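Undergrad: Sequence:
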Amino acid sequence: MTKKIIIFTILVLFIIVLNHFFFKDLDNDQVDNTNKNLELEFEKEEIDRKSFSSNILENVNYSSIDPEGNEYTIFASEGEIDIKNNQTIFLKNVKASIKLKNSDIILISSGFAKYNAANLDTIFTENVVIENLENKITGEYLDFSMLRKNIIISKNVVFKNNSNILKTDVIEIDIETKNTKFYMYEKNKKVSIVKTN
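One rule links them: number in this note's numbering = place in the sequence shown (from 1) + 1029.
Rather than coming from a laboratory, the hints here were simulated on the basis of the structure. One or more hints might be untrue.
[What the hints assert, rightly or not] Calculated cross-link-like contacts (lysine-lysine; reagent style BS3-like; alpha-carbon spacing at most 27 Å): (1) Lys1196 to Lys1224; (2) Lys1189 to Lys1143; (3) Lys1207 to Lys1196; (4) Lys1178 to Lys1128; (5) Lys1184 to Lys1216; (6) Lys1196 to Lys1210; (7) Lys1124 to Lys1184; (8) Lys1178 to Lys1189; (9) Lys1121 to Lys1184; (10) Lys1189 to Lys1210; (11) Lys1207 to Lys1165; (12) Lys1143 to Lys1196; (13) Lys1130 to Lys1207; (14) Lys1210 to Lys1124; (15) Lys1207 to Lys1124; (16) Lys1124 to Lys1178; (17) Lys1216 to Lys1196; (18) Lys1189 to Lys1124; (19) Lys1224 to Lys1207.
Quick caveat: nothing in here was measured; it's all calculated off a predicted structure.
Could you put together the complete structure from these sequences and hints?
TA: See the structure below:
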């Protein structure tokens, strides 16, 4: 009887050891597969996150008309939507046109701009150029507001037309009345005007 118990015990131990090695390898394969699946899912999420979090737009074009019939159009080679405020778009290589009702078109170009899609306010920077009829204004910073109905250009401002070259710190233009102010930041400095004709 003890011989049967010993044989039975050895057989049970053998089965337990065999099961242990067999299931251990199976468990390791399952763990490896689970890890590989998790890695693949993580990589896929990273790819998805990169593709969906991208906020770069190419060949951007926005156009709008206000209640009075004034039209504002802006083009850019590239735009980037601000992650914190999706109404703000940073633009590169910018060209804009302001077509006022019963008036001539004002053209603006610059290296960069910050455009507010909600109210159309735009800040142009780097090599700003404004052209209207025979007038050309250059500067480094331009603040355009359709709500205020004005353009303010500053920093190294030069105004040229057929008869004058004018250098100033700031030019402020009311786009409805066409009233234009030229002024310096410091009161003791004066606007420079040179007649060309």
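Undergrad: The structure should be examined with respect to each hint, and the outcome stated for every one.
TA: Now the hints, each set against the structure:
1. Among the hinted pairs, Lys1196 with Lys1224 is consistent with the structure: their alpha-carbon atoms are about 12 Å apart, no more than 27 Å.
2. Note on Lys1189 and Lys1143: the hinted pairing holds, with a Cα-Cα distance of about 26 Å set against a maximum of 27 Å.
3. Among the hinted pairs, Lys1207 with Lys1196 is consistent with the structure: their alpha-carbon atoms are about 19 Å apart, no more than 27 Å.
4. Between Lys1178 and Lys1128 the CA atoms are separated by roughly 12 Å; this keeps the pair inside 27 Å, and the hint holds.
5. A threshold of 27 Å between alpha carbons decides the hint, and for Lys1184 with Lys1216 the separation of about 16 Å falls inside it, so the pair holds.
6. As the CA atoms of Lys1196 and Lys1210 are separated by approximately 13 Å, the hinted pair is consistent with the 27 Å bound.
7. Of the supplied pair hints, the one linking Lys1124 and Lys1184 holds, its CA atoms being roughly 19 Å apart against a limit of 27 Å.
8. Only pairs whose Cα atoms come within 27 Å are accepted, and Lys1178 paired with Lys1189 is accepted, the gap being roughly 23 Å.
9. For the proposed pair Lys1121 and Lys1184, the alpha carbon gap of about 20 Å is at most 27 Å, so the pair holds.
10. A hinted pair counts as satisfied when its Cα atoms are at most 27 Å apart, and Lys1189 with Lys1210 qualifies at roughly 15 Å.
11. For the suggested pair Lys1207 and Lys1165, the alpha carbons sit about 15 Å apart, so the restraint of at most 27 Å is met.
12. Pair hint Lys1143 plus Lys1196 holds up; C-alpha atoms about 26 Å apart against a cutoff of 27 Å.
13. This hinted pair checks out: Lys1130 and Lys1207 have alpha carbons roughly 13 Å apart, not beyond 27 Å.
14. For the proposed pair Lys1210 and Lys1124, the alpha carbon gap of about 24 Å is at most 27 Å, so the pair holds.
15. In summary, the hint linking Lys1207 to Lys1124 is supported, as the alpha carbons are separated by about 21 Å, within the 27 Å threshold.
16. A threshold of 27 Å between alpha carbons decides the hint, and for Lys1124 with Lys1178 the separation of about 19 Å falls inside it, so the pair holds.
17. With a CA separation close to 15 Å, the supplied pair Lys1216 and Lys1196 stays within the 27 Å bound.
18. For the suggested pair Lys1189 and Lys1124, the alpha carbons sit about 20 Å apart, so the restraint of at most 27 Å is met.
19. Restraint check for Lys1224 and Lys1207: the C-alpha separation of about 22 Å stays at or below 27 Å, so the hint holds.
In summary, this structure violates none of the numbered hints.
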